[in-house]
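Participant: For reference, the chains in residue letters:
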Amino acid sequence: MGVASKLPVYFEQVPGGGLVTTKLEQVLDWSRASSLWYMLFGLACCAIEMMCAGASRYDFDRLGMIFRASPRQSDLMFVAGTVTHKMAPRVKLLYEQMSSPKYVLAMGGCATRGGPFYYDSYAVLKGVDKIIPVDIYVPGCPPRPESLMEGCLHLMEKVKKEKIADWSRDVPQQ
Amino acid sequence: MSHSSKLVEQLTAAFPEKVTKIELSPEQDAVLVESIIVRDFFKYLKDNDSMKFDYLSSLSGVDAVEHLEVVYHISSTVNKQKLTVKVKLPTEKPEIDTICDIYRAADWFEREICELYGINIKNHPDLRPLLLPEDWDEGPPMRKGWTGRDFIVKPE
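Those sequence lines, one after another, are chains A and B.
Numbered per my numbering, the first sequence spans residues 13 to 186.
Numbered per my numbering, the second sequence spans residues 197 to 352.
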C-alpha cells in the first residue's frame, strides 16, 4: 500500500524523461533503506550494545532492521568491536561474502581507529577501514544504542540518495 | 607460612645447588630452579608423596630485561599447598624443556610463551602459533623494546 499511495507523488516530482528509471531508483532505494538487514556478528564489548539496540528496548525491528545469521543475506555489517590482526582476514572474508549493495558501519573507537589500543599494541588493527570500506563511523566506547541508531538513520539517508549505478561500486571496474 | 617454608627446605635439600629459595611475599614462598633440571624437578613435585602437586594454575613468561623468566604457579589439591617456581633464562637463545607430558595444562601456556617471548620449548609436540596470526613474522612481541610494522609507541 505504501508504494501505491506514494506513486503519484513520485510521478509528479520526476521532470521530463528518464521517468521509469528515476521512479525505480526511488522505490528501490526506499525499500532497501527500510530493510537494512545486518549480520549477526560482533567482536567485543560493542557487540553487547548492538544486541541491546537490537532487543526490545531500542528495537531495531521497527526500522526494518533484523539480524541475519548469514553474510549472504546481509546488507549491513556492524564492525562491533576490536579488530585484531588475527581477526582481520576473517572480517574481510565475511565482508566479501556479502552480496552487493553492502554497507559497513564501524562501531566504536576500536573499529574506527584502534581506540584504547592505538598506542603500544602489537595485536590490534588501527581501524577497520584499512581492510574494508566503511560507510558510517559511530564514535563511543562503546556507543550507546541511541548513537548506533543515529548512525543507522544516517546510513538510511545515504542509501536513499543512491543511484542504481552505485550499487556495485565496490566491485573492481574491468 | 611455616608449612610453606618447610616445603622449600625439603626442595632445596632434594636438589642441592640447583634449587634456591627466593622471597616473594610472607604468604607464599618461591623457589628458583636451574633450567637444566626442570623436568626432574616437576616430576619430583608431582610424584613425591609429601608433595603431590597435581594442579598447574598458570605458566607465564617475564622479560626482566637482563634475563628472561618462566614462572610456574603450581598447587596441590591433596596437601593443600601452593608454590611458585621461577626459572631464569638467558636473553640470547632462551631454551627450556617442555613439561606438558607431566602437566597437560602446560601445553597451550608453553605455546603462548614461545610465540610471545621467543622462548624455545624443547620437545614440545606442537609449537604452532596460538594467539598470533598464522603468518606472523615480526618476532616475539612481548619482549621489551619490540617494535613492528603497525606498532605505535605512545608519546611521553
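One or more hints might be untrue.
Within a straight-line C-alpha distance of at most 20 Å, the following computed EDC-like cross-link-like pairs (lysine to aspartate or glutamate) qualify [said to hold, decoys possible]:
hint, chain 1, residue 1, chain 2, residue 2
1, B, K340, B, D303
2, A, K172, A, E37
3, B, K282, B, D250
4, A, K104, B, D346
5, A, K175, A, D73
6, A, K114, A, D73
7, A, K138, B, D333
8, B, K239, B, D250
9, A, K98, B, D245
10, A, K138, B, D331
11, B, K340, B, D293
12, B, K340, B, E311
13, A, K173, A, D147
14, B, K217, B, E230
15, A, K142, B, E205
16, A, K138, B, E230
17, B, K276, B, E308
18, A, K142, B, D331
19, A, K170, A, E158
20, A, K98, B, E230
21, A, K138, B, E334
22, B, K242, B, D259
23, A, K104, B, D331
24, B, K340, A, D132
25, A, K35, A, D132
26, B, K282, B, D293
27, A, K98, B, D331
28, B, K202, B, D250
29, A, K98, B, D250
30, A, K104, B, E330
31, A, K98, B, D333
32, B, K289, B, D250
33, B, K276, B, D346
34, A, K98, B, E311
35, B, K350, A, D73
36, A, K114, A, E37
37, B, K242, B, D293
38, A, K98, B, E334
39, A, K35, A, D71
In short, the hints are calculated from the structure, not lab data.
Participant: Now tell me if each hint is right for this structure.
Facilitator: Evaluated hints:
1. B:K340 <-> B:D303: violated, 24 Å
2. A:K172 <-> A:E37: holds, 9 Å
3. B:K282 <-> B:D250: holds, 18 Å
4. A:K104 <-> B:D346: Holds: A:K104 and B:D346 sit about 18 Å apart, inside 20 Å.
5. A:K175 <-> A:D73: violated, 26 Å
6. A:K114 <-> A:D73: holds, 19 Å
7. A:K138 <-> B:D333: At roughly 19 Å apart (the allowed maximum being 20 Å), B:D333 and A:K138 satisfy the hint.
8. B:K239 <-> B:D250: Within the cut-off at roughly 10 Å; holds.
9. A:K98 <-> B:D245: violated, 45 Å
10. A:K138 <-> B:D331: holds, 18 Å
11. B:K340 <-> B:D293: violated, 23 Å
12. B:K340 <-> B:E311: holds, 14 Å
13. A:K173 <-> A:D147: Roughly 13 Å separates the two Cα atoms, so the pair holds.
14. B:K217 <-> B:E230: holds, 12 Å
15. A:K142 <-> B:E205: violated, 57 Å
16. A:K138 <-> B:E230: The hint is violated at about 42 Å.
17. B:K276 <-> B:E308: violated, 28 Å
18. A:K142 <-> B:D331: holds, 18 Å
19. A:K170 <-> A:E158: holds, 18 Å
20. A:K98 <-> B:E230: violated, 36 Å
21. A:K138 <-> B:E334: holds, 17 Å
22. B:K242 <-> B:D259: The given pair, whose Cα atoms are some 27 Å apart, is violated under the 20 Å limit.
23. A:K104 <-> B:D331: holds, 16 Å
24. B:K340 <-> A:D132: Given that 20 Å is the threshold and the Cα spacing comes to 11 Å, the pair holds.
25. A:K35 <-> A:D132: violated, 52 Å
26. B:K282 <-> B:D293: Between B:K282 and B:D293 the Cα gap is close to 14 Å, so the pair holds against 20 Å.
27. A:K98 <-> B:D331: Distance ~9 Å between A:K98 and B:D331 Cα, so the pair holds.
28. B:K202 <-> B:D250: With a Cα-Cα distance of about 19 Å, the restraint between B:K202 and B:D250 holds, given a limit of 20 Å.
29. A:K98 <-> B:D250: This hinted pair is violated, its Cα atoms lying about 34 Å apart.
30. A:K104 <-> B:E330: holds, 16 Å
31. A:K98 <-> B:D333: holds, 13 Å
32. B:K289 <-> B:D250: violated, 30 Å
33. B:K276 <-> B:D346: Violated, at about 46 Å.
34. A:K98 <-> B:E311: Holds. A:K98 to B:E311 sits at ~14 Å (cutoff 20 Å).
35. B:K350 <-> A:D73: It is violated: about 42 Å lies between the C-alpha atoms, which goes past 20 Å.
36. A:K114 <-> A:E37: holds, 16 Å
37. B:K242 <-> B:D293: holds, 16 Å
38. A:K98 <-> B:E334: holds, 14 Å
39. A:K35 <-> A:D71: Measuring from Cα to Cα gives roughly 31 Å; hence the hint is violated.
In summary, the structure is inconsistent with hints 1, 5, 9, 11, 15, 16, 17, 20, 22, 25, 29, 32, 33, 35, 39 from the numbered list given earlier, while agreeing with the others.
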